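S.K.: Residues per chain, in single letters:
Number of protein chains: 2
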Amino acid sequence: MSLPLSGVTVVDFTRILSGPFATMILADLGAAVIKIERPGAGDGARTLPPLKDGKSAYFAAVNRGKRSMALDFDKADDRAVLDRILSRADVLVENFRPGVMDRHGLGWDLLHARHPALIYASVTGFGQTGPDARRAAYDVIVQARSGLMNRTGTPDAPRRAGSSFGDLSGGMFLAQGILAALYDRGRTGVGRRVDVGMLDAQLALMEQAVPQQATGATPPPHPSRHPSIAPCEAVSASDGPFVLTAGTEAQFERLCLVLDLPIAQDPRFADNAARLANARLLKRLIEAVTLEHPRSHWLSRMTAAGVPCAPIQSMDQVMKDPQIAARNMIVDVLDRYGRASFKAAGNPIKMSGMEDPPARAPAPELDGNRADILRWLEKD
Amino acid sequence: MSLPLSGVTVVDFTRILSGPFATMILADLGAAVIKIERPGAGDGARTLPPLKDGKSAYFAAVNRGKRSMALDFDKADDRAVLDRILSRADVLVENFRPGVMDRHGLGWDLLHARHPALIYASVTGFGQTGPDARRAAYDVIVQARSGLMNRTGTPDAPRRAGSSFGDLSGGMFLAQGILAALYDRGRTGVGRRVDVGMLDAQLALMEQAVPQQATGATPPPHPSRHPSIAPCEAVSASDGPFVLTAGTEAQFERLCLVLDLPIAQDPRFADNAARLANARLLKRLIEAVTLEHPRSHWLSRMTAAGVPCAPIQSMDQVMKDPQIAARNMIVDVLDRYGRASFKAAGNPIKMSGMEDPPARAPAPELDGNRADILRWLEKD
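Sequences listed follow chains A and B, in order.
For the first sequence, my numbering assigns the number -6 to the initial residue and increments by one for each residue that follows.
For the second sequence, my numbering assigns the number -6 to the initial residue and increments by one for each residue that follows.
No wet-lab data here; the hints were simulated from the structure.
Among the hints, erroneous ones may be present.
Where chains are identical, the list cannot tell them apart; a pair therefore holds if satisfied intra-copy or between any two copies.
Said to hold, decoys possible - Calculated pairs, DMTMM-like style, for lysine to aspartate or glutamate (alpha carbon to alpha carbon, straight line, at most 20 Å): (1) K45 with D264; (2) K276 with D149; (3) K45 with D309; (4) K45 with E358; (5) K276 with E242; (6) K48 with D264; (7) K48 with D325; (8) K372 with D76.
Please read all numbers here as calculations on a predicted model, not as lab measurements.
Build out the structure end to end from the sequences listed, making use of the hints.
M.R.: Okay, here's the thing in structure tokens:
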């Protein structure tokens, strides 16, 4: 069996993170991704820290396995090459602000008329429509505006969630839209326009906050505590915090047994709703016991008893986690000489008949695949 | 044009969030989702807060537009109905712990032999393989173990990111795997097994942390500050914090102009790498000015000058945000009587030819579509 997206060609005009993350997902699934970059500097992420030997490890991770060609949209020769690439492509992906592609004669209307089977996908800060469509957005803008920072910290001390979910969620929903359009095109032969806004995508991940808001209940600030399940939070052992949760009655009873806490029948903790209403008291009761012993003591006892719990790992611990290793979730990204130069997260989509190699093809040098791409254009 | 997944039937054995979020995405794209629930209680999310009129707003949001049938796998009559549903389905989705479906004679090997075109997709805490495959996981477990809590807070005060990214990322990568398998099946006629672990999916979203770790640089704790871009964080105005970022030289020069800060030529802030190395000093210099005026003053001036910035919105502000309204990103979820009872985030995937209605079909009552589904099974 071949890769599920084998034979699919993606023309990729995206830069930095949201769009490149979407095309990384498509490349990992087997699509051939041609990164079109502006001559000279290319994708701005090429210089983003962290660097290793002067190269961006960040860029390498997100652009692994893609190819690159530098083209100036406004030069006739380059434009002719681009038009030939477009006539062979299945999907176009871009993350310019609305209007930029149109100004270069690369808008949806024009390209759809010329290449009716081409799927045309855009991810921008705010989508293609609405009063703020033309404003630039970055991850932190979206995290702030969507309510995520307010809910990760407190209203007085808002906090950015520790990864770029604004960009990444935009990229993931874009990938989903592209994949659905590819499936659909297999039946209709016609490409669709896919339009994703990062703010919309981030909001779609506020799975608890939006419905809660509409019930009229005002969510109190509760850093590190789940808003709908109790207990479900970080608690302190004698040597530091770890997390535990007990969302079902059986789990809560087992937790009480492990802690030797006679509260399983206490009406204040009789069900999840009661535990949620008394979550602060419940945490103090749990910590009164957990503070007596170190984390390792509790993690092994709770695991044995079937109470979900985990260490709060730092990234160096994550990189050595045996489960993560067993799933091939830390992969090498090769450099142009075939050396394992960078590490990146692997592909979390495991699929029958789809190889999951421990090393991935390099991110391209700027314009590094020009000859190769030109040769491909000559074939019929 | 019809919905991109029209005609696709999904048999959905999932509960709580990770799996139901994946099938919600498929339903929003037009798939017919049949939720198979255990008789009596059904999906545990049916009782999860927030509640409205005794119904879970949480459940309503994530299960909108699906249908439900209660079936006991171990009862012969029910099992016969299930087998007929499976023979008509395109996709099976489940989020039991590994081994549970096999014990009920519903494992991949058996079903693939019987229904070779069926796509079989599982999302579990740790995936189908590895030493911890059979352990239960919940969002907070995955946030802790993946390094996310460590990076959202500090090592001493870890913090849960303010939404259930552990579940949601598992659901999103599962949806992507299913969509890729659907595209592929259109060419091969053969279904694939898709296996996603929530821990893997969460790690795949540590887009900066994993490559950084591999460069040997130890990331310092930096709540609310982007680890690769400066400035990119929350800063204080006279009446509270807002966020700004200036990732390009042009944006940084504009920021210096708006603030009347003569540091654009200062070598300590000459480029992003220098600004990152001096991020604390830079923030103090910025706040020395921003503390003089309220947020509204700076947001309007920076917006006019093209410096990306945003208010840090609370959820009640988010619900009234005009851009979010213009994008139809807060939708009504109807109840069984057709009344707009709940609010949920809309579909962030906007697509040509795909309707984006402001009200969505209800989440099903437990076993609420039995007659309907039985009638569908009679048709040929």
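S.K.: Now look at each hint and say whether the structure bears it out.
M.R.: Results of checking the hints against the structure:
1. In this homomeric assembly, K45 and D264 come within 20 Å of each other (Cα to Cα) only across copies, at 18 Å, whereas the closest approach inside a single copy is 52 Å.
2. Proximity of K276 to D149 under the C-alpha cut-off of 20 Å is restricted to the inter-copy arrangement: shortest distance 18 Å between copies versus 23 Å within a copy.
3. Taking the shortest Cα distances, K45 and D309 sit within 20 Å of each other inside one copy (17 Å), while across copies they are farther apart (44 Å).
4. Taking CA atoms no more than 20 Å apart as the test, K45 paired with E358 passes inside one copy only; the shortest distance there is 15 Å, against 55 Å between copies.
5. Taking the closest pair of Cα atoms, K276 and E242 come within 20 Å of each other only inside a single copy of the chain (17 Å); across copies the shortest separation is 48 Å, beyond that limit.
6. For a Cα distance limit of 20 Å, the shortest separation of K48 from D264 across copies, 16 Å, qualifies, whereas the shortest one inside one copy, 54 Å, does not.
7. Only within a single protomer do K48 and D325 lie at most 20 Å apart by alpha-carbon distance; the minimum there is 15 Å, versus 48 Å between protomers.
8. In this assembly of identical chains, the alpha carbons of K372 and D76 lie at most 20 Å apart only when taken from the same copy (15 Å versus 48 Å across copies).
Violated hints are absent here; each numbered hint is respected by the structure.
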